[in-house]
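In order, the protein sequences belong to chains X and A. All residue numbers for the first sequence refer to the working numbering, where the first residue is 1 and numbers rise by one. All residue numbers for the second sequence refer to the working numbering, where the first residue is 437 and numbers rise by one.
Hints were generated in silico from the structure; no laboratory data involved. Ideal placement from N, C-alpha and C gives every residue a C-beta, glycine not left out. One thing to keep in mind: the hints can contain errors.
[As the list claims (entries may be wrong)] Far from chain A, by Cβ distances over 10 angstroms, these chain X residues were calculated:
1. 3
2. 42
3. 47
4. 277
5. 315
6. 360
[What the hints assert, rightly or not] Computed, partial: chain A to chain X, Cβ under 10 angstroms:
7. 438
8. 445
9. 451
10. 452
11. 455
12. 456
13. 471
14. 475
15. 492
16. 501
17. 550
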Amino acid sequence: MIWAKEETLPRAEIEKIQLEKLRQTVAYIYEKVEPYRKKMDAAKVKPEDIRTLEDLRKLPFTYKSDFKDNYPFGLFAVDKKELVRYHASSGTTGKPTVVGYTRHDLDVWLNNVARIACMGGATADDVAQISFGYGTFTGALGLHGGLEKIGASVIPMSSGNTNKQIMFIQDMGVTLLVATPSYALHLGEQIRERGIDPKKDLRMHIGLFGGEGMTEPMRDEMHRVWGDQFICTQNYGMSELCGPGVSGECTELCGMHVNEDWFIPEIIDPETEEVLPPGEHGELVVTCLGKEALPLVRYRTGDLTKLMYEPCKCGRTTCRMENLSGRADDMLVIRGVNVFPTQIEEVLFKIEEIGPHYEILVERKNRLDVMTISVELIDDRLLDSYASLSKLEQRIKSALKAQLGLATQIKLVGPNSLQRFEGKAKRVTDLRKDGL
Amino acid sequence: MKQISVFVENQPGSLMRVTSALNEAKVNIRAAASFDTPEFGILRLVVDQPVKAKEYLTSKGFVVRVQDVIGAELKDEKGNLNQMLKILAEGNISIGYIYSFVIRENRAPVMVFHSDDNEKARGVLKEAGILLVDDEEL
Chain X
1 MIWAKEETLP RAEIEKIQLE KLRQTVAYIY EKVEPYRKKM DAAKVKPEDI RTLEDLRKLP
61 FTYKSDFKDN YPFGLFAVDK KELVRYHASS GTTGKPTVVG YTRHDLDVWL NNVARIACMG
121 GATADDVAQI SFGYGTFTGA LGLHGGLEKI GASVIPMSSG NTNKQIMFIQ DMGVTLLVAT
181 PSYALHLGEQ IRERGIDPKK DLRMHIGLFG GEGMTEPMRD EMHRVWGDQF ICTQNYGMSE
241 LCGPGVSGEC TELCGMHVNE DWFIPEIIDP ETEEVLPPGE HGELVVTCLG KEALPLVRYR
301 TGDLTKLMYE PCKCGRTTCR MENLSGRADD MLVIRGVNVF PTQIEEVLFK IEEIGPHYEI
361 LVERKNRLDV MTISVELIDD RLLDSYASLS KLEQRIKSAL KAQLGLATQI KLVGPNSLQR
421 FEGKAKRVTD LRKDGL
Chain A
437 MKQISVFVEN QPGSLMRVTS ALNEAKVNIR AAASFDTPEF GILRLVVDQP VKAKEYLTSK
497 GFVVRVQDVI GAELKDEKGN LNQMLKILAE GNISIGYIYS FVIRENRAPV MVFHSDDNEK
557 ARGVLKEAGI LLVDDEEL
């Protein structure tokens, strides 16, 4: 099923809608949001200079650091009393990236998620278990609201507690799972370990995955674990843009359809910042159209992909983005949570008993991400007892947990045992291969 | 009596790197103890020159702590360790860890321990006539 007629318009009509909304959006931000006005003035561009879609290139980029520099409300275009929801995701340092929604924004967002759910095969008959962590992240409540819109029954399970997850899947006859692909694999294997054959014994037939990329080897593995009836699609979004609902795979599995009447995607060379032609690989830049609370123009997502404009067999005419192939920056995705090494660094620098050098090792164990951070012990007072060393370890872990929202492993090592770097340090080793 | 504690990682050769550094510094080891822990270890040593040992090991990149412990000389007779522990227990003194000297030419064995109240422990043991060992006697 196709949720909205805007998904099947001829290209000329899509572009007509985009141009109209773009001109409104640019006039809106110039009037309402001071940081945008300043940037546009510096670039000597006025709202009336935007006459064609090509003119989008005249506008300055927006970066994640703009959220930090204008924290918490500086990029908002409406009075705080107009907001009906806040969400937040990782920032590059201690403060999160906070986003807000008006009533209208929420409605647009959840309609876009409804489109994505339909692309993945969901219908009003589905019983959907949301196994993303709830809280301030947009993933859980986004899919939750989108699936409710199409009339599916939603179980707000949240993450963790595998036994309870399995009980609900069995007892409620769950047909649709929302999770990170790695957690879905873990859950499927746990189900098999209990002697349950998902294909024969359960009603599960749809997986809507996000929070991290799903590689093709992971998709193959998903069918092996859950059975060949399991339709696995992934979708894309980020809280700055709205949350999930930016793009999603249809069941033809040939890229993620962008909801182009709400988002204009561009691909740029992250080094030269030059816009690349369709089909070229580079950094995804997204302009949100018609957002009231937090308009966003030419946002540097940091995600590497390419765009394909040929119409799809599914009937949709919206352009498709290829599976993400990596990041233009050093952001890591750990259990679906975005982590910037600078966030970790900020925590470690505040702990006096350890030195300034650290290494981050990321592995996938039992399908789940494990992040181990090695730090050098420099304070000899901790050698009075094992308890004080353990206490230090616990202190680092809970400070990181508070900052990242993630459990980490800490490895204390002797002074000078970590590698020293001249110039740019390579502190992260990611051993995950193909997501498996 | 002084003890040095050295931070060691759980990997082959890590204890040896400490002992070989002490060898270079011509420091003699009188007793050694380390316990199995999953991630890291503390190697505890009684040496004849604790200050020199700390200086040298620190210059070689080790984290080292010099700490006050008690060395109690026990006659090698049945029940003597039990006797000492009983005195401490009656004094309501809690022992953090205990280990013994490995080599001591022609002398009675020495138990090394650390407690929650070393001063009080010294007091009750002296009162009970147990001989405490000083660094000079090493």
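For each hint, the structure was consulted:
| no. | hint | result |
| --- | --- | --- |
| 1 | 3 | holds, 52 angstroms |
| 2 | 42 | holds, 50 angstroms |
| 3 | 47 | holds, 59 angstroms |
| 4 | 277 | holds, 52 angstroms |
| 5 | 315 | holds, 56 angstroms |
| 6 | 360 | holds, 17 angstroms |
| 7 | 438 | violated, 13 angstroms |
| 8 | 445 | holds, 6 angstroms |
| 9 | 451 | violated, 13 angstroms |
| 10 | 452 | violated, 14 angstroms |
| 11 | 455 | violated, 15 angstroms |
| 12 | 456 | violated, 15 angstroms |
| 13 | 471 | holds, 8 angstroms |
| 14 | 475 | holds, 7 angstroms |
| 15 | 492 | violated, 14 angstroms |
| 16 | 501 | holds, 4 angstroms |
| 17 | 550 | holds, 8 angstroms |
Checked against the numbered hints given earlier, the structure breaks hints 7, 9, 10, 11, 12 and 15 and satisfies all the rest.
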